[in-house]
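Asker: Chains as they are written, first to last, in my numbering: chain U, 19 to 410; chain A, 3 to 265.
Bear in mind the hints are in silico, worked out from the structure with no lab data behind them.
Warning: the hint list may mix true and false statements.
[Stated by the list, open to error] Cross-link-like lysine to any residue pairs, in silico, SDA-like; alpha carbons within 25 Å at most:
#1 A:Lys-231 x U:Asn-370
#2 U:Lys-276 x A:Lys-231
#3 U:Lys-174 x U:Leu-118
[Said to hold, decoys possible] Derived list of chain U stretches under chain A, where covered just means 3 residues or more per stretch with a C-beta under 8 Å from a C-beta of chain A:
#4 23–29
#5 143–149
#6 192–204
#7 385–396
[Unchecked claim] Distance windows between CB atoms, simulated:
#8 A:Thr-217 x U:Lys-252: 26 to 34 Å
#9 U:Val-277 x A:Ser-204: 36 to 44 Å
#10 A:Ile-196 x U:Lys-32: 42 to 50 Å
#11 U:Lys-174 x A:Ile-196: 55 to 63 Å
#12 A:Ala-234 x U:Glu-253: 50 to 58 Å
#13 A:Gly-111 x U:Glu-116: 48 to 56 Å
#14 A:Gly-55 x U:Thr-20: 53 to 61 Å
#15 A:Gly-56 x U:Glu-41: 41 to 49 Å
The structure presented is a predicted model; accordingly, all values stated were derived computationally and were not measured.
The C-beta atom is built at its ideal place from N, Cα and C for all residues, glycine as well.
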Amino acid sequence: MTVWIDADLCNGCKRCVKACPYEGVEMRDGKAHILERCTSCGACIENCKPKAILTDAKPREIPDFSNRQGVWVFAEQRGGGLHSVSLELLGKAGELAEHLNQEVSAVLLGHEVEPLAETLILHGADHVYLVEDPRLAQYRTIVYTHAMEQLIRQFKPNILLMGATHIGRDLAPRVSRRVAVGLTADCTELSIDPDEKILLQTRPAFGGNIMATIASRYSRPQMATVRPGVMELKEQPGKSGNIIRETLSIDEADIKAKVLEIIREAKKTGDLSKAKIIVAGGRGVGDVSGFKVLETLAEALGGEVAGTRVAVEEGWIPADRQVGQTGQSVRPELYIACGISGAIQHRAGIVNSRFIVAINRDERAPIFQVADWGIVGDLHELVPEMIRQLES
Amino acid sequence: MNIIVLVKQVPDTTEIKLDPKTGNLIREGIESIMNPDDRHALEAAVSLKESMGGSVTAVSMGPPQAIDVITEAMGMGADRGILLSDRAFSGADTWATSLTLGKALEKIGDYDLIICGRQAIDGDTAQIGPQVADHLNIPHVSYVFGIDEITEERVVVRRRLEDGFERIETSVPALLTVIGELNTPRYAVVGRLIAACGEKASIEIWNAADIGAKTNEIGLEGSLTHVIKTFAPKFKRQGEILEGASRESISTLLGKLHENRIV
């Protein structure tokens, strides 16, 4: 489909130029022009007030979704333990539900997991859809997808949120395809549009270099995944809710996967998502012994060590300590970035930190743009100095 | 063993810089590359072909210039390449893209394994693999970092979890999404690259009609999610550079942290 400008209607306001994620619009003699590199994403069309941007795409009717009720959260559990992201999402779901005047439900799948329902209710669930079956004991894509499909078709939720964990990023797209709905991954913000009453899903795009706000107008439920550590949980002591029990109906022949074994690699130290202070290292650290010094600083501060993708690829720290676009998002009180240039993929993971300190030899490193305080210098000198001063 | 690999041409988003004056992306001069995770997928496919026999077909959906990743895939060892290219495909979200790829794969038929990268560095959604698998009604395993066993009936893989891994067995045909940990991709071989650019190369370009796709199910029209607006991420920070020699600057820093009750 093609997009073009009606020059007579164009008032030269340049909203389209700003809206385009691909620099596909430029101004010529005060009028907007669509360039060859346009990918027909339609962002400019949405933003044009005089409706001067035209397309040969046929206008689509928005179906009547007034019967869609409920903000659902997939309650991820592994081995009987709830993943914190589920509670965080329940916190957000409560806000969204309030704006829609609807209720919050958690979906709990597993085997002998009913005791977890209480925790879900105490974190905001008005209802818990509980499906228990030995075949749900361990996560398997097809079985879980089937259970979700069953519940969605029967109860017709309005919104469905899942944590963007390894399970969530496996399950959500499969479910979205199965029930034919739009899905937005790794949202950093969720809100309800006051006019259309739809879910506005904001996420980093283009490797995190820009932010995009996305909506699913033509399908329900509106699905979104959110990374752990992005939303905040809200404890609601004394809240009451009910459990709705459903049975799994799936043919054994349809289940094609077997989990042969699950190996848990014991973490030597704490959980980055709960760390109050993080000392992180990037390319500038140089080697494993450089990271040992960072560890000493982390210890002196009572914090954890983390690193960028580069540090993981070089083998200086294990993969579960990676922070950034393809690693974890963290929200500590203090994030100290040592020898990290601040590529946007890394910045995306630390943006919710309360304070960011940057130490880098290069004064032009982009990390200084996102730090509260920065020191231009050699981390191999500055980090030991910091340790010295802390210990005295 | 017939293997299909899904590959995507992406801008090298790891090299993108912001213009300090406008805060906008500097898009000129950004190299187009084969998505990194897809290289690992291709390497896995070609290695399997080398040990078990069979063929590897590389498939990509993109604008005409995406032919470069098809050629590169052939250079790395793919036997056949198919570029899905049509103006009608443009503006597609993951739903419309996975439908388009799904239809193409149905047309190719006869595959044992489909391997793709876990996610692309421009979209970063990690949705295409699982969505294509559901379209084709075949099982999939994501975050694969090890392929332990493969026969005509089943495949056993290791799937990365945040705190360890799982060993999963699933029936064939199946779709796998793979991560960088899986292997070290080989470089394209010059001789193969040259052959891939020649007349006899097994490269085809398919459009919407070729895969039997209707305009309202593909591209922007077929999408179920739409971009309402885009904006530059705001990083509102003080950005104060602390001056002085090491002892001084660190002392100032610790002072600030102490003031804010962090230390």
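Asker: Each hint: holds or not?
Answerer: How the hints compare with the structure:
{"no.": "1", "hint": "A:Lys-231 x U:Asn-370", "result": "holds, 22 Å"}
{"no.": "2", "hint": "U:Lys-276 x A:Lys-231", "result": "violated, 43 Å"}
{"no.": "3", "hint": "U:Lys-174 x U:Leu-118", "result": "holds, 15 Å"}
{"no.": "4", "hint": "23–29", "result": "violated (count 0)"}
{"no.": "5", "hint": "143–149", "result": "violated (count 0)"}
{"no.": "6", "hint": "192–204", "result": "holds (count 11)"}
{"no.": "7", "hint": "385–396", "result": "holds (count 10)"}
{"no.": "8", "hint": "A:Thr-217 x U:Lys-252: 26 to 34 Å", "result": "violated, 45 Å"}
{"no.": "9", "hint": "U:Val-277 x A:Ser-204: 36 to 44 Å", "result": "holds, 38 Å"}
{"no.": "10", "hint": "A:Ile-196 x U:Lys-32: 42 to 50 Å", "result": "holds, 46 Å"}
{"no.": "11", "hint": "U:Lys-174 x A:Ile-196: 55 to 63 Å", "result": "holds, 57 Å"}
{"no.": "12", "hint": "A:Ala-234 x U:Glu-253: 50 to 58 Å", "result": "violated, 35 Å"}
{"no.": "13", "hint": "A:Gly-111 x U:Glu-116: 48 to 56 Å", "result": "holds, 50 Å"}
{"no.": "14", "hint": "A:Gly-55 x U:Thr-20: 53 to 61 Å", "result": "violated, 45 Å"}
{"no.": "15", "hint": "A:Gly-56 x U:Glu-41: 41 to 49 Å", "result": "holds, 43 Å"}
In the structure shown, a violation is registered for the earlier hints numbered 2, 4, 5, 8, 12, 14, in ascending order.
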